[in-house]
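K.L.:
This is what each chain is made of:
Protein chains: 2
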Amino acid sequence: MSFYGKLRAIQQKSNSLLCVGLDPDINKLPPHLRRNDDAVVEFCASIVEATKDLVCAYKLNLAFFEILGARGWSAAHRVLSLIPDHVITIGDAKRGDIGNTAEMYARLLLEDFKFSATTVNAYMGEDSVRPFIKDANAGAFVLALTSNSGARDFQYLKLRGKPLYEHVIGRVTKWNEKKNLGLVVGATRPAQLKRVRQLVPDMPLLIPGVGAQGGDLKLAVRYGCDKRGEMALINASRSIIYASSAGNFADAARAAALAMRDEINTYRQRFF
Amino acid sequence: MSFYGKLRAIQQKSNSLLCVGLDPDINKLPPHLRRNDDAVVEFCASIVEATKDLVCAYKLNLAFFEILGARGWSAAHRVLSLIPDHVITIGDAKRGDIGNTAEMYARLLLEDFKFSATTVNAYMGEDSVRPFIKDANAGAFVLALTSNSGARDFQYLKLRGKPLYEHVIGRVTKWNEKKNLGLVVGATRPAQLKRVRQLVPDMPLLIPGVGAQGGDLKLAVRYGCDKRGEMALINASRSIIYASSAGNFADAARAAALAMRDEINTYRQRFF
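If you read the protein sequences in the order shown, they are chains A and B. Residues in the first sequence are numbered consecutively from 42, following this note's numbering. Residues in the second sequence are numbered consecutively from 42, following this note's numbering.
What the hints contain is simulated information worked out from the structure, not anything from laboratory work. Do not rely on the hints blindly, as some may be mistaken.
Given that identical chains are not distinguished, each listed pair holds provided it fits within a single copy or across any two copies.
[To be verified] Below, simulated SDA-like cross-link-like pairs (lysine to any residue); rule was C-alpha separation at most 25 Å, straight line:
{"hint": "1", "residue 1": "K175", "residue 2": "G110"}
{"hint": "2", "residue 1": "K215", "residue 2": "P204"}
{"hint": "3", "residue 1": "K199", "residue 2": "L240"}
{"hint": "4", "residue 1": "K93", "residue 2": "H118"}
{"hint": "5", "residue 1": "K235", "residue 2": "R311"}
{"hint": "6", "residue 1": "K175", "residue 2": "N68"}
{"hint": "7", "residue 1": "K175", "residue 2": "I108"}
{"hint": "8", "residue 1": "K199", "residue 2": "Q233"}
{"hint": "9", "residue 1": "K69", "residue 2": "R148"}
The shape of chain A in the complex, shown without the other chains (with noise of 0.2 Å):
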């Protein structure tokens, strides 16, 4: 199924747009996981275990996993295991890099963890971008505005008129004869969202930026999704992972995931 029909499919399936991000940071893991070696898998297969059929995509969070070293590597390749098919998977790297780097990357990511999309940086332009959408079936978001403080320093300059971020929306509209490429826009910069949701009429958004770094989620799920209510993923980790470190750490995860995807639905509008 193409990257977008996938999307919407598991959307309407769960009749969520939440995203949640696995960026299990071994120090703040549930104490009584720490002792376990397999810490991280265990944690994270129980977050995907009591919200699996509350969201619409999970979003590993590759430095995290990397981090573990050699056991890292298995550890992604145990926790995509367990995410049921049907659910979007997003291999948070980042990458960027020269068109034959950029091939590894993408093999790596798509081939070998087979997550259904990735995220990439896009400062070195289309080749850097090309090997992660060769395959129609998987998506790739590309950064555009993020929701972090540094964003101020490049994204919004102002060339030609209109701020770098837009610049890179033109391209990635223009590299996007597959229909599977998407942009990842905070939840931290609404009246942009608002603006590139004017852009890419279309295309899904991947924002993050809400729970622990304060975007507002009415104005997120507002300005983020398309016509039909869709095509928004509203990712949130922290606030949801570690809601509890206690014993209760996955029921506490199901609850703030509950909670968040039911608010979520009371802000989507259908205008068709």
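Given the structure of chain A, go ahead and fit chain B onto it with the hints provided.
P.N.:
Structure of chain B alone, referenced to chain A:
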């Protein structure tokens, strides 16, 4: 020793500006090695052994190690352990992410692998770069103007009369309180390289794009060096490590590295 000091010391000791890029593509390794489970380590070990007195640095392209899965992590460690301490090691990972994630990547590259330096993508701004330059002894080369065709998509866009990459350079100069930042500037852009060196007279420049990518070596050296004829790292990967695929590939790599080091030295000029 400070990163700049360490770089000057090895460039003087080895009388070399050559950085050999280790991009061990399993499909390009000499056929007689490929049968071996540890082909990548064996290949890189032979290249390092044959060239370690001729270089100022090795640049490990992480993509080519990560693609090996769990074994890639230990392969990179084993290759690093063979490189003499006074030689610079660059973890070419081009990471760039929000602060807490960048912390993880920096820990992996600088504390776990103990690279002397990294390459960093600054699209996400200051907080994505900071973790890589916390330690004054660790260097970071920020992507400014890259050697690939896609560089044209964004890096040349003009803002307030200056191309984007000059804005990047302006910020990098500001962030450089610890004197451990450098820039990546492709050899395929000699006129721009000349201008960059004027903007940052003292900063190390990592210069890929000679060899397989076709950049002009003479201009790369002439424009890339500082006034002492130092602080440029001229990177060559494929033209050296794949100089031959026969049984004598290591000898061929040594001959190619020696020829390139010497050619580079004929172009070096000192203005003081």
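K.L.:
All hints, please: hold or fail.
P.N.:
Verification of the hints:
1. In this assembly of identical chains, the alpha carbons of K175 and G110 lie at most 25 Å apart only when taken from different copies (22 Å versus 29 Å within one copy).
2. Within a single copy, K215 and P204 get their C-alpha atoms as close as 17 Å, and across copies as close as 22 Å, so both meet the 25 Å cut-off.
3. When the C-alpha separation of K199 and L240 is checked against a cutoff of 25 Å, the pair qualifies both within a copy, at 17 Å, and between copies, at 22 Å.
4. Proximity of K93 and H118 under a CA criterion of 25 Å is satisfied intra-copy only: 17 Å inside one chain copy versus 37 Å between copies.
5. Taking the shortest alpha-carbon separations for K235 and R311, only the intra-copy value of 15 Å comes in at or below 25 Å, while the best inter-copy value is 55 Å.
6. Within a single copy, K175 and N68 get their C-alpha atoms only as close as 38 Å, which misses the 25 Å cut-off; across copies the closest is 21 Å, which meets it.
7. In this homomeric assembly, K175 and I108 come within 25 Å of each other (Cα to Cα) only across copies, at 18 Å, whereas the closest approach inside a single copy is 29 Å.
8. For the homomeric pair K199 and Q233, the shortest alpha-carbon distances inside one copy (14 Å) and between copies (21 Å) are both at most 25 Å.
9. With identical chains, the CA atoms of K69 and R148 are at most 25 Å apart between copies only, with a shortest distance of 16 Å across copies and 31 Å within one.
In summary, the structure agrees with every hint in the numbered list given earlier.
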